[in-house]
Amino acid sequence: MTDRERFNNQMHYRPVDRCFNMEFGYWNENFRVWPMFRENEITSNGQADAFLNFDKNVNLGTVWMWPLFEEKTISETVDKRVMINKEGLLAEVPKDGHDTIAHFIKSSVVTPDDWKKVKEERFRRDDLKRQIDVEAWQKRHPRDRTYPLGVSCGSMIGKVRNVLTLEGLAYAVYDYPDMVEDMVETCCVLIEDFLDQVLPHLDFDYASGWEDIAAKNGPLVTMDFFKSVVVPRYKRINAKLKAHGIDIWYTDCDGDVRKMLPYFLESGINCLFPFEVNCGGHPTHLLDEYGKDLRIMGGIDKMALARGPEEIKKYLKSVERLVERGGYIPFCDHRCPPDVKQDYYLYYLDLKEQMFGMKG
Amino acid sequence: MAKSLSECIIKGDHAGAVAIVKDALDEGTSAKAILNDGLIAGMAVVGERFKRNEVYIPEVLISARAMKMAMEVLAPRLAEAGVEPIAKAVIGTVQGDLHDIGKNLVVMMLKGAGFEVIDIGVDARPPAFVNAVKTTGAQIVGLSALLTTTMPAMEGTIRAIKEACPDVKAIVGGAPVTADYARRIGADGYGADAASAVDVAKGLLS
Numbered sequence: 380m381t382d383r384e385r386f387n388n389q390m391h392y393r394p395v396d397r398c399f400n401m402e403f404g405y406w407n408e409n410f411r412v413w414p415m416f417r418e419n420e421i422t423s424n425g426q427a428d429a430f431l432n433f434d435k436n437v438n439l440g441t442v443w444m445w446p447l448f449e450e451k452t453i454s455e456t457v458d459k460r461v462m463i464n465k466e467g468l469l470a471e472v473p474k475d476g477h478d479t480i481a482h483f484i485k486s487s488v489v490t491p492d493d494w495k496k497v498k499e500e501r502f503r504r505d506d507l508k509r510q511i512d513v514e515a516w517q518k519r520h521p522r523d524r525t526y527p528l529g530v531s532c533g534s535m536i537g538k539v540r541n542v543l544t545l546e547g548l549a550y551a552v553y554d555y556p557d558m559v560e561d562m563v564e565t566c567c568v569l570i571e572d573f574l575d576q577v578l579p580h581l582d583f584d585y586a587s588g589w590e591d592i593a594a595k596n597g598p599l600v601t602m603d604f605f606k607s608v609v610v611p612r613y614k615r616i617n618a619k620l621k622a623h624g625i626d627i628w629y630t631d632c633d634g635d636v637r638k639m640l641p642y643f644l645e646s647g648i649n650c651l652f653p654f655e656v657n658c659g660g661h662p663t664h665l666l667d668e669y670g671k672d673l674r675i676m677g678g679i680d681k682m683a684l685a686r687g688p689e690e691i692k693k694y695l696k697s698v699e700r701l702v703e704r705g706g707y708i709p710f711c712d713h714r715c716p717p718d719v720k721q722d723y724y725l726y727y728l729d730l731k732e733q734m735f736g737m738k739g
Numbered sequence: 021m022a023k024s025l026s027e028c029i030i031k032g033d034h035a036g037a038v039a040i041v042k043d044a045l046d047e048g049t050s051a052k053a054i055l056n057d058g059l060i061a062g063m064a065v066v067g068e069r070f071k072r073n074e075v076y077i078p079e080v081l082i083s084a085r086a087m088k089m090a091m092e093v094l095a096p097r098l099a100e101a102g103v104e105p106i107a108k109a110v111i112g113t114v115q116g117d118l119h120d121i122g123k124n125l126v127v128m129m130l131k132g133a134g135f136e137v138i139d140i141g142v143d144a145r146p147p148a149f150v151n152a153v154k155t156t157g158a159q160i161v162g163l164s165a166l167l168t169t170t171m172p173a174m175e176g177t178i179r180a181i182k183e184a185c186p187d188v189k190a191i192v193g194g195a196p197v198t199a200d201y202a203r204r205i206g207a208d209g210y211g212a213d214a215a216s217a218v219d220v221a222k223g224l225l226s
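In order, the protein sequences belong to chains S and L. At position 264 of the first sequence (counting the first as 1) the number is 643 in my numbering, and the numbers step up by one without a gap. At position 11 of the second sequence (counting the first as 1) the number is 31 in my numbering, and the numbers step up by one without a gap.
Any given hint could be a false lead.
[Stated by the list, open to error] In silico DMTMM-like cross-links for lysine to aspartate or glutamate, where the CA-CA straight-line distance does not exceed 25 Å:
no.: 1; chain 1: S; residue 1: Lys738; chain 2: S; residue 2: Asp722
no.: 2; chain 1: L; residue 1: Lys31; chain 2: S; residue 2: Asp603
no.: 3; chain 1: S; residue 1: Lys693; chain 2: L; residue 2: Asp200
no.: 4; chain 1: S; residue 1: Lys508; chain 2: S; residue 2: Asp493
no.: 5; chain 1: S; residue 1: Lys459; chain 2: L; residue 2: Asp139
no.: 6; chain 1: L; residue 1: Lys31; chain 2: S; residue 2: Glu450
no.: 7; chain 1: S; residue 1: Lys485; chain 2: L; residue 2: Asp139
no.: 8; chain 1: S; residue 1: Lys485; chain 2: S; residue 2: Glu450
These are calculated hints, taken from the structure and not from any lab test.
Chain S extracted, bound-state conformation:
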């Protein structure tokens, strides 16, 4: 079976020769501290995928702000830098580059006037950069390819949250709801423009998206806003996907997405990724509750990986029936952090391959 056949079969509950073999990547620190990466000069997730011989999977499309803001350092201390980042946020970051979410101080967009300016400068539909070289994409990803090909449907609200900051989004939904709705609409229209260019000409196997609009305690946007503003835009996109035969759409959303899940499913988003176990619970809970309407990619508890072989074995046993059932591809529930020892990680990969058929 090719990687493409395997992925499509597994996601559609059809028989497979073995489980699709993939992982979600690593923190930057892992490339420095894990000997196998360091000694083999592996410095990126793409290189790691090839090194560890995972199945090939390609995802196309990056529709967002263009041009990005110019990164600029505003001030520095001994160990931190305050800067304007590429999305126009005033952010504090560590100078030593250790992995942490930045401390976001202020957004470039607070009022409707701010948004109007940023929209005119950086979200123009007619920007030439938004034109896709469809012919080049067709040549690079022909119809007889052996790997699954995904089309990115971007983000409706997660990236809006990036631009506004979490607190900024909460206040803006209250103070300037029309502005936030226009930001969501802008995201949608740009994705629609992109899909109109590519969907007629490439046969994608799945669609993807990114939101990160939930935390451990649930949604980071009000449910009223999510239902009334975001969901209709998902539905518009789904109509285009369905018209071109794409019936698998995953969204990358960390945190506890359970409150939003019914609306994801209603919209056509039918697969969760990477499914953080510490936030959303064990994948069996939702897969049992929603049956074959829901798929999950990920859901292997990174904290179990950190605890060592016994816990790893126990956890993989707990997802065995999900892999057999289909609609579930197991991998670490986010980028694997450096507090997972390399030896434990390799034990996990070996056991996963052994249990789910990847080892010949």
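Got chain S sorted already, so can you dock chain L onto it with the hints?
Leaving out everything else, chain L in the frame of chain S:
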């Protein structure tokens, strides 16, 4: 007054909350009554709804903003009247972690419950926690971590705090933190979320 003010806090109506506080003060209502019966009562409802997953972080943020703006009007009159906070709490995100939303939520909820909160910010090393507790006389210290890689800093930080200030009570919380982990590292309490952290803090005081 109290019911209307609470409603404004619950709905996040900051303009309404400020107007009611001003009117109430002009009418001679005591600052303490405004605080306890209006503002704190409103945030308590928000906290309960947050614990029950009836509202989420965005609703808490706008309620907390309404409380903060109302408190800006009320604070001078509370000071005049000699109204004391129920306790002092030092809150920070631990060393190596620049993430602040969890910490900020706890700060908001503690203030909403009548605590005086000393926010020492992000990437706070153990001496920063110790100094803040010593200089303010805080009874509670709260540590937040978002990442599995920064969570280990909590243990050393708690050890340093307890060595310097044995009577202070330490609460930990954050995405990767669990009650079991909190126990193992010698914390006095674990906050599963910002609202629960307030309950834990109050419980530790008594």
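Between Lys31 of chain L and Asp603 of chain S, does the CA-CA distance stay at or below 25 Å? Judged against 25 Å, a Cα distance of about 13 Å means the pair holds.
Hinted pair Lys693 of chain S and Asp200 of chain L, Cα distance within 25 Å: The given pair, whose Cα atoms are some 19 Å apart, holds under the 25 Å limit.
Going straight from one Cα to the other, do Lys508 of chain S and Asp493 of chain S come out at no more than 25 Å? With Cα atoms ~23 Å apart, Lys508 of chain S and Asp493 of chain S stay inside 25 Å; holds.
Given the proposed pairing of Lys485 of chain S with Asp139 of chain L, does the C-alpha separation stay at or below 25 Å? holds (18 Å)
Holds or violated: Lys459 of chain S with Asp139 of chain L, Cα cutoff 25 Å? The given pair, whose Cα atoms are some 19 Å apart, holds under the 25 Å limit.
Do the alpha carbons of Lys738 of chain S and Asp722 of chain S lie within 25 Å of each other, as the hint requires? holds (18 Å)
Given the hint that Lys31 of chain L pairs with Glu450 of chain S, test it: the Cα-Cα distance must not exceed 25 Å. Distance of about 38 Å is beyond 25 Å: violated.
Distance restraint between Lys485 of chain S and Glu450 of chain S, which requires alpha-carbon spacing of 25 Å or less: Roughly 15 Å separates the two Cα atoms, so the pair holds.
Against the hints set out earlier in the document, a violation occurs for number 6 only.
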